[in-house]
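Chemist: In case you want the letters, here they are:
2 protein chains.
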Amino acid sequence: MFDTAIIGTGAAGVSAALTLKAMNRNFIWFGSARLSEKIARAEKIRNYPGLSSVSGEEMQRAFLSQIEEMDIEIANKTVTGVYDMGEYYGILCDKESFEAKTVILASGVESVKPVKGELEFLGRGVSYCATCDGFLYKGKTIAVLCTSKALEHEISYLASLAKKVYLTPLYKTPEIEAENVEIVPGMIREIVGERKAEAVRYGERELLVDGVFLLKEAITPSVLVTGLAMEDGHVKVNRQLETNLKGVFAAGDCTGRPYQYAKAVGEGNVAAHSALEYLSENASSKA
Amino acid sequence: MFDTAIIGTGAAGVSAALTLKAMNRNFIWFGSARLSEKIARAEKIRNYPGLSSVSGEEMQRAFLSQIEEMDIEIANKTVTGVYDMGEYYGILCDKESFEAKTVILASGVESVKPVKGELEFLGRGVSYCATCDGFLYKGKTIAVLCTSKALEHEISYLASLAKKVYLTPLYKTPEIEAENVEIVPGMIREIVGERKAEAVRYGERELLVDGVFLLKEAITPSVLVTGLAMEDGHVKVNRQLETNLKGVFAAGDCTGRPYQYAKAVGEGNVAAHSALEYLSENASSKA
Chain A
2 MFDTAIIGTG AAGVSAALTL KAMNRNFIWF GSARLSEKIA RAEKIRNYPG
52 LSSVSGEEMQ RAFLSQIEEM DIEIANKTVT GVYDMGEYYG ILCDKESFEA
102 KTVILASGVE SVKPVKGELE FLGRGVSYCA TCDGFLYKGK TIAVLCTSKA
152 LEHEISYLAS LAKKVYLTPL YKTPEIEAEN VEIVPGMIRE IVGERKAEAV
202 RYGERELLVD GVFLLKEAIT PSVLVTGLAM EDGHVKVNRQ LETNLKGVFA
252 AGDCTGRPYQ YAKAVGEGNV AAHSALEYLS ENASSKA
Chain B
2 MFDTAIIGTG AAGVSAALTL KAMNRNFIWF GSARLSEKIA RAEKIRNYPG
52 LSSVSGEEMQ RAFLSQIEEM DIEIANKTVT GVYDMGEYYG ILCDKESFEA
102 KTVILASGVE SVKPVKGELE FLGRGVSYCA TCDGFLYKGK TIAVLCTSKA
152 LEHEISYLAS LAKKVYLTPL YKTPEIEAEN VEIVPGMIRE IVGERKAEAV
202 RYGERELLVD GVFLLKEAIT PSVLVTGLAM EDGHVKVNRQ LETNLKGVFA
252 AGDCTGRPYQ YAKAVGEGNV AAHSALEYLS ENASSKA
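From first to last, the protein sequence lines stand for chains A and B.
So the first sequence is numbered by the numbering used here: it starts at 2 and just counts up by one.
So the second sequence is numbered by the numbering used here: it starts at 2 and just counts up by one.
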């Protein structure tokens, strides 16, 4: 049982992890060993105190070397669900599960708006996770929307299973070599079906599919965490970064604008302190 | 007329200034050319993302060189009052005054609790500002409480005017050479008087004085800004760092715990964005 699970390796997650580590806490940190594609892609960051006019890559390198010096590990896994188990939270990553007394959600914000039909058919033909659900579509026809080149390996995995993949990449120069992948440029307009997703509409074109994969860098927090209250598309938090769920805190872009590194770093720090306070207040009642 | 006045040169002030500068805004920044004594004194900061296990001095140097590179100036002045003038705020520094449409209060938190009688006699024998009020005590007897070695030059100034100075330094190795300065160790317990401050009590000892100077690194925000709402000893703010006064924002330690660099930096950023938003919404109605 971990004291805390941090979900997300952007600036907010980095800040929370450094604080928990400095306090010698027992935590697990889910995300990418490369931290955040958004950070790496940033051209020039002029207003982050301490790092003078850095590129996104330089900031990423500074964060990575600091994490290494502090001996902090990143669990390179995609969280697919967080469930309230009463005394703790259960965190699912594909088929693995973890337990933590508190959760800090620092999962960022997806710049791509949900597709019409996405939430309606989620779990019924629509999936966010290639490694979780890919096997269900062995020998089938699927549509894939991919928001980032960093997720291209998931397309390759899906292509190795499916008979046919209609790929809509939202990034430049896709490099997928599988013969069964057909690029459908533009954007998915709508996912349609009766009881499950059956077809995808792109402008005038409609393609019949067995499933749809939406490969995004950030999953809508309320989809990830059952029962999480949202407000204007962001996680609803107070000044202490508490959400409506006891023991679940949120930090960074997922809590709202401004989408800034400094703001994310500040919130990661506060969320970590709030989690520590929650842990000490609930120390007696927990296992 | 400035768009914004930032008060305070700690981590929150630095963050707000960098953001306003990056947005090319016309602002004035009040504080110390050395930034913050609290930062400089910090032994080791292990959880500030981007600066790996830095000393306070190293963080201070990083901030200072960044400010220089961005060509940001600090007005090395002590703000003694902020007044709502309807369409703008008037900011007093000793005998100079400035005008700004918005104010970002990043004045830190004073670790020294108010002395009994301090607020009661403020302006009636009790002063926070040697350069503002020192002249009133020419040839008189005064008590001085000083919280930081960085403020020692103010003691020297007072000693050059007063007949007698009872000095209570709250730092190690005071270096005041004036013959009319007598060190009274310990702490001022109470300031007493009828209509104005007339005596100071230290433990069992009581000394008659004409005035009392409390030289602190941070002034209680509600004393600085007339009408500012407080909550549990801190400035009351919402998630956007808005105070109860329109156009006045607060950031950093003055808004509450955790007293952390990352939190201060995050809030400075958010306060700057909130000020920018306020300015754009009120652009038409302002001069």
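Please note: incorrect hints may appear among the correct ones.
Remember, identical chains collapse to one label, so a pair may be satisfied in a single copy or spanning two.
[Claimed, not checked] For lysine-lysine, the following DSSO-like pairs were computed, each having C-alpha atoms within a straight-line distance of at most 30 Å:
1. 114 x 164
2. 139 x 45
3. 247 x 237
4. 150 x 247
5. 45 x 117
6. 247 x 173
7. 22 x 139
The set of hints was computed from the structure by calculation and includes no laboratory data.
Chemist: Between copies, within a copy, both or neither: which fits residue 139 and residue 45 at Cα up to 30 Å?
Modeler: neither (43 Å within a copy, 54 Å between copies)
Chemist: My question is about residue 247 and residue 237: at a cut-off of 30 Å on alpha-carbon distance, are they close within one copy, between copies, both, or neither?
Modeler: both (13 Å within a copy, 24 Å between copies)
Chemist: Treating 30 Å as the Cα threshold, decide for residue 22 and residue 139: within, between, both or neither.
Modeler: Neither way: residue 22 and residue 139 sit 42 Å apart in one copy and 55 Å across, limit 30 Å.
Chemist: With identical chains, the pair residue 114 and residue 164 could be close in the same copy or across copies; at 30 Å between alpha carbons, which is it: within, between, both, or neither?
Modeler: within (28 Å within a copy, 72 Å between copies)
Chemist: If the cut is 30 Å between Cα atoms, do residue 247 and residue 173 qualify within a copy, between copies, both or neither?
Modeler: Neither. Shortest intra-copy (41 Å) and inter-copy (45 Å) distances fail the 30 Å Cα cut-off.
Chemist: Using 30 Å as the alpha carbon limit, work out where residue 45 and residue 117 are close: within a copy, between copies, both or neither.
Modeler: neither (34 Å within a copy, 51 Å between copies)
Chemist: For residue 150 vs residue 247, is the C-alpha pair at or below 30 Å within one copy, between two copies, both, or neither?
Modeler: neither (36 Å within a copy, 44 Å between copies)
Going through the hint list in order, the structure does not satisfy hints 2, 4, 5, 6 and 7.
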